[in-house]
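J.: Chains A and B are the protein sequences, given in the same order.
1 is the number of the first residue of the first sequence in the working numbering; add one for each residue after it.
294 is the number of the first residue of the second sequence in the working numbering; add one for each residue after it.
I should point out that these hints are in silico values taken from the structure, not numbers from a laboratory.
Small disclaimer: the values here were computed from a predicted structure and weren't measured.
Just to be clear, a hint being listed does not mean it is correct.
Said to hold, decoys possible - Derived Cβ-Cβ restraints for the label pairs, each shown as a range:
id	chain 1	residue 1	chain 2	residue 2	range
1	A	P48	B	K354	43 to 51 Å
2	B	S333	A	K153	32 to 40 Å
3	A	F283	B	G397	22 to 30 Å
4	B	S333	A	S196	53 to 61 Å
5	B	K354	A	P18	27 to 35 Å
6	A	E49	B	P486	39 to 47 Å
7	A	E49	B	L483	22 to 30 Å
8	A	P63	B	I457	52 to 60 Å
9	A	Y258	B	F413	14 to 22 Å
10	A	P152	B	L483	39 to 47 Å
11	A	D193	B	I322	21 to 29 Å
12	A	P152	B	L358	49 to 57 Å
13	B	S333	A	F29	36 to 44 Å
14	A	V28	B	K341	53 to 61 Å
A virtual CB, placed ideally from N, CA and C, is assigned to each residue, including glycine.
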Amino acid sequence: MGRKRWKKWVTGYMYLLPSIIFLCAFTVFPVFASFYISLTQWTLIKPPEFIGLENYKNLFDDPTFYRTLWHTAYYTFGSVPLSIILSLLLAVAMNQKIKGITIFRSMYFLPVISTWVAVAIIWRWIYNPQFGLLNAFLKIFGIPPQNWLGEPKLAMPSVIITSVWKGLGYNMILFLAGLQNISENYYEAAKIDGASKWAQFRYITIPLISPTTFFVLITSIISSFQVFGPIYTMTNGGPVGSTEVLIFYLFQNGFRWYKMGYASSIAWVLFLIIFIFTLIQYFSSKRWVHYGA
Amino acid sequence: MAHRKFNPGIVLAYIVLSIGAFSMAIPFIWMLSTAFKTPSQVFVIPPKWIPSPIITDNFKKLFSLMPFGRYYFNSIFVSVTGTFGRLLLAILTAYAFSWLEFPGRDKIFILYLATMMIPFHVRLVPMFLIMRALRWLDTYYVLIIPGLFSVYAAFLLRQFFLGIHRDLIDAATIDGCNSWTILWRIVVPLSTPAIGALGIFTFLDEWNSFMWPLIMTSSNKMRVIPVGLAFLQDQYYTDYTILMAGAVLALVPVIIVFLAFQRYFVRGIVLSGLKE
């Protein structure tokens with residue numbers, strides 16, 4: 001009896017062993033190391049020098065840090081609501097009994113599966129001030145040509161538009177799954193009561209889809225705060241630093257200027273911001289559970 | 294047709310979806326069109342959609358400018374091995390957390406989940422230093438090994454494994470099957486939809502990964518497609534025909550994989566979306 005049980009235990013841990021090794025080596029250890037590094041000055045030339053909270057103090061006095069934080073917030077709160085509204089609209093349209101759903105779905109997915117570098121290359125060409133497609137299109141409506149990615153005021157909105165375009169299909173599928181979980185009965189009942197399409201959307205769809213909306217909202221905010229690919233590939237932080245975001249600043253500090261300690265302190269501040277949103281999601285998801293079905 | 298009731302809702306849905314699909318497709322068509330143009334055809338106003346003459350020189354030129362074949366090999370090798378490795382580790386872990394019994398199992402599971410709260414970027418600097426200390430920088434090791442275990446992948450599979458009927462497992466146990474046999478003869482075959490979805494997802498994830506290979510590799514021969522393309526963009530900033538040819542080549546494999554496994558892919562998103 002005892003031996004058999006012992007064998008069972010060992011078996012369980014044998015299956016876990018590979019992942020425990022990976023998790024310790026590449027997650028647990030680096031996380032603690034990261035915190036320690038954030039307390040040091042380390043440029044890889046000399047051994048790390050412990051300086052306590054100096055990096056964090058410098059960070060909170062660093063105007064570039066606040067600027068990149070603001071750009072990150074701008075990117076996040078510019079792209080997330082727009083993406084949610086548009087993808088919900090598309091999902092509702094997709095949820096009607098229409099033909100060709102597979103073709104539509106494939107088309108909306110093309111940008112989702114594309115690598116950011118390719119997308120950036122295409123869109124930089126579309127945004128080209130002289131020969132770009134966008135200016136040529138806007139000319140039809142008499143709108144003068146704009147220097148989309150070259151003008152500090154326009155660069156971030158341009159990146160946001162491309163980002164929303166790229167992520168639309170992904171959010172749409174999440175919303176579509178949410179919509180398909182809403183029971184037909186609600187709509188049947190509403191129809192009998194003579195509710196208009198708009199009333200059905202407003203008083204049935206919107207409230208019943210809210211768990212999905214909330215999920216998409218929080219996960220989008222979390223991932224937008226970590227935006228890097230679009231910035232690096234489309235604007236490289238420019239023009240005149242107008243699209244430098246938090247991770248871009250981390251990247252510059254860590255891997256261009258080799259300020260390991262300072263880069264790590266940026267990462268921990270970012271972690272705190274993201275952690276707040278994670279907590280919101282964790283505690284509210286419990287409240288949402290009874291909502292559906 | 295005459296008997297069909299006109300439904301404004303459906304018509305509206307078609308209009309919305311068509312406008313959306315159109316705006317999704319236009320940039321790709323524009324990319325294709327530019328990739329087959331001569332440089333002189335690019336800088337014309339208004340833009341021309343169909344190139345004449347249609348040329349393939351841009352692709353030839355691309356291969357002479359950069360070792361694109363090598364980038365391709367790197368991307369395929371890293372993505373394929375990375376995907377199989379991640380699936381294997383996720384399967385073993387998910388199995389332990391769903392059908393094996395040992396003390397502390399659920400507490401360890403919570404610890405695993407807790408690590409998901411820490412964003413990847415917190416680990417970036419120490420990971421760079423670890424890879425440097427291991428002398429793994431600029432090798433295939435750094436591109437493949439650190440990404441092999443994903444808690445998220447294991448978590449998704451565990452949820453799916455738990456849905457397998459207990460009777461099947463019990464019957465196999467009574468027949469004298471050991472845990473290894475049960476895993477590969479019963480649990481895995483019954484989970485092919487979930488494993489397929491996860492596999493296709495992981496592949497695209499690996500193929501499109503950018504920041505990691507950008508930081509961890511430095512030589513031209515170790516570049517993967519996205520990084521190679523970024524360097525192409527740096528060097529040939531305004532050579533739009535060549536850049537578009539590069540973009541086409543970067544996208545072709547993922548589009549093929551996507552079209553071939555589309556069903557799995559949609560399921561993958563829904564699975565991950567329902568992770569709560």
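J.: Given the hint of 14 to 22 Å, is the C-beta distance from A/Y258 to B/F413 inside that range or not?
T.: Once the Cβ atoms are compared, 20 Å apart, the range 14 to 22 Å for B/F413 and A/Y258 holds.
J.: Just tell me: holds or violated, for the beta carbon distance of A/P48 and B/K354 against 43 to 51 Å?
T.: Hint holds: Cβ distance 47 Å, inside 43 to 51 Å.
J.: Taking the Cβ atom of A/V28 and the Cβ atom of B/K341, is their distance within the range 53 to 61 Å?
T.: holds (57 Å)
J.: Given the range 39 to 47 Å, decide if the beta-carbon distance of A/E49 to B/P486 lies inside it.
T.: Given range 39 to 47 Å: violated, Cβ gap about 54 Å.
J.: In this structure, is the beta-carbon distance linking A/P63 and B/I457 contained in 52 to 60 Å?
T.: Since the Cβ atoms of A/P63 and B/I457 sit about 56 Å apart, the hinted range of 52 to 60 Å holds.
J.: Using the beta carbons of B/S333 and A/K153, state whether their distance is inside 32 to 40 Å or not.
T.: holds (33 Å)
J.: Against the range 22 to 30 Å, how does the distance between the Cβ atoms of A/F283 and B/G397 compare: consistent or not?
T.: holds (26 Å)
J.: Measuring from beta carbon to beta carbon, are B/S333 and A/S196 in 53 to 61 Å?
T.: holds (56 Å)
J.: Looking only at beta-carbon atoms, does the pair A/P152, B/L483 fall within the given range of 39 to 47 Å?
T.: With Cβ atoms ~56 Å apart, the hint is violated.
J.: Evaluate the given range 36 to 44 Å for the C-beta pair formed by B/S333 and A/F29.
T.: violated (56 Å)
J.: Note whether the CB distance of A/E49 and B/L483 lies within 22 to 30 Å or breaks it.
T.: violated (56 Å)
J.: Using the C-beta atoms of A/D193 and B/I322, is the stated range 21 to 29 Å upheld?
T.: Violated: the Cβ-Cβ distance is about 46 Å, outside 21 to 29 Å.
Checked against the numbered hints listed earlier, the structure breaks hints 5, 6, 7, 10, 11, 12 and 13; every other hint is satisfied.
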